[in-house]
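Keeping their order, the protein sequence lines are chains P and V. If you read the first sequence in our numbering, its first letter stands for residue 1, the second for the next number, and so on. If you read the second sequence in our numbering, its first letter stands for residue 1, the second for the next number, and so on.
To be clear, the hints were calculated from the coordinates, so they are not data collected in a lab. Any given hint could be a false lead.
Sample of chain P residues at the chain V side, in silico, Cβ under 8 Å [stated by the list, open to error]:
no. : residue
1   : 32
2   : 34
3   : 124
4   : 131
For each residue, glycine too, the CB sits at the ideal point set by N, CA and C.
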Amino acid sequence: MLASLLRILALTRKELLAVLKDRRARLSLLIPPMVQALIFGYAATYDLNRVPYALLDLDHSAASRELVSGLDGSGVFERVADLPRASAVPDTIDSRRALLVVRIDQDFERHLLAGQPADVQAIADGRNSNTAGTALGYVSSIVQQFNTQWRADHGMPAAAMQVVERAWYNPNLETRWYMIPGMIGTLTLIQTMMLTVMSVAREREQGTFDQLLVTPFRPHEIMAGKAVPSMIIGTIQASGVLVVGQLWFRIPFAGSYFVLYPGLLLFLLAAVGMGLLLSAVAGTMQQAMLYSMLFIMPFSLLSGFTTPLASMPDALQEFTLINPLRYAIDIARRVYLEGAGFGVLAHDLWPLALMALVTLSAAAWVFRYRPQ
Amino acid sequence: MSEASAAGPEAHSATSGRRRGARVRALIRKETRQMVRDPSSIAIGVILPLILIMLFGFGLSLDVRNVPLAIVLEQPSGDAVDLSEALRLSPYFRPLVLQAMAPAEQLLQRGRVNGILDIPGDFARRLAAGDAQVQLIVDGSDANSARIIEGYVEGAVGSWSAQRAAEGRAGKLAGIAGPVDVQARLWFNESDESRYFLVPGLLVLVMTLIGGLLTAMVMAREWELGTLEALFVTPVRSEEILLGKTLPYFGLALVGFVLSVLSAKFLFEVPLRGSIWVLSLASMLYTLVALSIGLLISSAVKNQLVASQLAALTTFMPALMLSGFLFDLRSMPAAVRLVTYLLPARYYVALLQSLFLAGDVWSVIVPNVLVLALMAAALALGGRAVTRKRLA
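Excised from the complex, chain V in its bound form:
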């Protein structure tokens, strides 16, 4: 306040505003140079998104295709062979026909096949009598895939028997389709492509990592090297330091955002049904939150080794496991759900999934954007408090 000399209050605030602007600009310039000259920042801002885009677009998938399945034909009679042929034609299986159970069990133990379909010797006879059974054994280790495989086998066997019924070869056979048939509809993702929800989810990982990792070290580094104390004896204020640290990385994070959205839309043809503006606004808010968390960690622990561990712990795994991007939040126990409410990624995932696949659903957008905005504001204040306290 000592700068306030004889000049009136308006003149004073104008000069101090101009000085402040100059100080922030200088800080931003310094930080930007440091960022651009360090190849690791660019690697995180540009290369990491590219790697993740490729992984999510081409690699990761929860869809099960080409499942190695052992089919045990105890007696290769007409009907049994017919059924195994039907499975062979399905895109979901890569069947391996065997004559006995023992070698099939060995294959399952060694992980060479994911399941065994046992068509017993009396299959044809009992089918004619109307009470045939086939036995399916799945490797339950991967429960999710196992359940999908069970569904596929049921479907394939069901359509085989329905087709026989239609051809009039069935006799009393009514198939496993019952009196009531379920017609399933998958809204927003009719073709059931897991890519459609994995690729938008990629944005959560990219933005969380860029935001959290880039800033986690910057303040701790200055503390360790003692350069922050040098900065404190200049007229720079703590919020100006934070602003100078945030803006360059915010710019770099936006590069990652644009790369991810462009590739989602044009490379992987994931529909973007909502407005690009709402998506950008939500992403900027989320980036701000992620950057502030990194800065907060960094100024609070003042130690790069601890800061790096904390940043790794609070960014990657929570965003992957607790955001609702892979696992359904509603099925988690209440205590864990409570933890997810503290996690900004949760709100961002809700926004992303709706904006990409459903469109501008305001009942989803408004509350989630509000929470993110509140978090950004609270974190900014918190970061200022932590930095200022250390000034004294």
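Isolated chain P (complex conformation):
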């Protein structure tokens, strides 16, 4: 038992040396997760803070100016053009000069003063309909404020019914809070899984795998020697992303590291297990990379990282049950933002454990019996 552990340790050391002795390999494994977290942390937000809009004000009244000053003063809308007539609208949107055109018709103020409903038209560039929808939402909340103010100023009764809104866990509804914990798993999966598959494929391509097989190492020891280094590197990568989230973006960490890290290790075990299993079908490093991307891509896209799991069709939601990243992202988000403990996370942890068990035993079998 002890001898076996020592052999695994020796292999782990050799493997870490083999990967990290090359300066470029070292840099490409340790630096990118933090840089990516930094860049994507700023980039990956569905919130809008600069919406270029064009104004078509056909009313030129005090009321229309008041409404427009609400838009300009919001800090979100940036007026890029004052359109003279309606015929200028299509070109402004087509050429992407403005994301939004706000059109106020001629009798806007007259209708308002007469107590009739007055319309404001907001035309948005739907080429990215999610962005456009968010921008339209901002417009209506600014118009809502204008309405409240107008009612108060003109002695009208306040709205008879109000929806009071409150968001738990993320009071300002910042997407970044949601994205960064999701990156802990996503960024780690891509590099760790590929590294595992590649390092076995390299041995096969260079013929050193056969040499390993004639040493006193048992197949499962060889496998552990490949798995442990990848997990160590994966843990370092995940910690890098975590550090960026906490120290740079200052997203408050609500949970406990003693919950997060066991969850992450379980995830890495499952991911590395899949990588080892995959390495059985890859004869060359080229195949190793292409096959691992074939899995990494669907795993990342179907993980709930960028699009919510709940809006996927049922069949695909069931497919995501075999996706280790799905559980890792849920664990990271719940621990990070909601301070979840093991009890709430049980439904994430046992599938990961099961996946690790299945893939690692299958990989051990393959390591032993794979026809060369």
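Since the structure of chain P is provided, determine the placement of chain V on it from the hints.
Positioned in the frame of chain P, the structure of chain V alone reads:
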């Protein structure tokens, strides 16, 4: 130049041109055979696009439907029940009616519901008085969905009160619709389907991956196995080697392109409002750029392990996160926006979104195609320089 013997300059250039053609053809033939015989290349060229098409067409969506929502009816009076019934009929919600707040909060904590709509006990009385309130608590973890849910609830509550006003049951009730009403228009995507922008975006991922991944290993592999040095002692020039490596994979990438466009148009019925020729031209340019990036990585690092990591880092995530395909580029801070300008995917996404949904908008097409063409030229020169330097 030693081939130039007694023959005149025209004869010389003609022979050398013919020889060059023969050399390139031989290289292409060798590379094509290698590609066709390796199942992994075909998997990336054909199976990966198919998987992504299915995922994007059927799976991924930013539209929120069937949101599990807890409705707390503290006092099931007529008006309160009426309101909760209205929400039950909406396609956006899957409501779960409860009598008290505590169990609803537990459901939210466990992630079983995404929000709680609390209709207080005095709702009916205060509605009659004209100052009723309902409280909405959303799970803010997923901020984008949370905001969409807030919008839906406001909309549903608003239309409920508008309908009551219309039925004349409202008394003083004016609804939450105010004196000014916003009429929203979503151009190019009237029905607000996120599929319409996700499916064209799929092309960016497909072309980036096919281009970048296929070529990232080829030069590094030859370096590692020592076969590139063997190639160097033949009359083959470095640009001929690069050409021989590029063209077969370019062909394979085009297969992925055709598959993606056909399925976007016929399977998912995403409108293609621009010209198919401009789309093809832009895609070929982009493929060339992606292939050259892979080749450049490959010849620069000469190590398959590092090349694979770099290829994975420079293709998939940047194309997903920084291209403007999901996230709006204008809202990123200046430093990050600067990074996106270096990214070819950014220009390709602008072209795709316009060509599919808006049509041939030349003010978008011309600058973006020009940038891609410049990048392709610069990368080709860069690749040649890197390969030649190592020849010495």
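(request) Starting from the hint list further up, note which numbers the structure goes against and sort them upward. (result) 2
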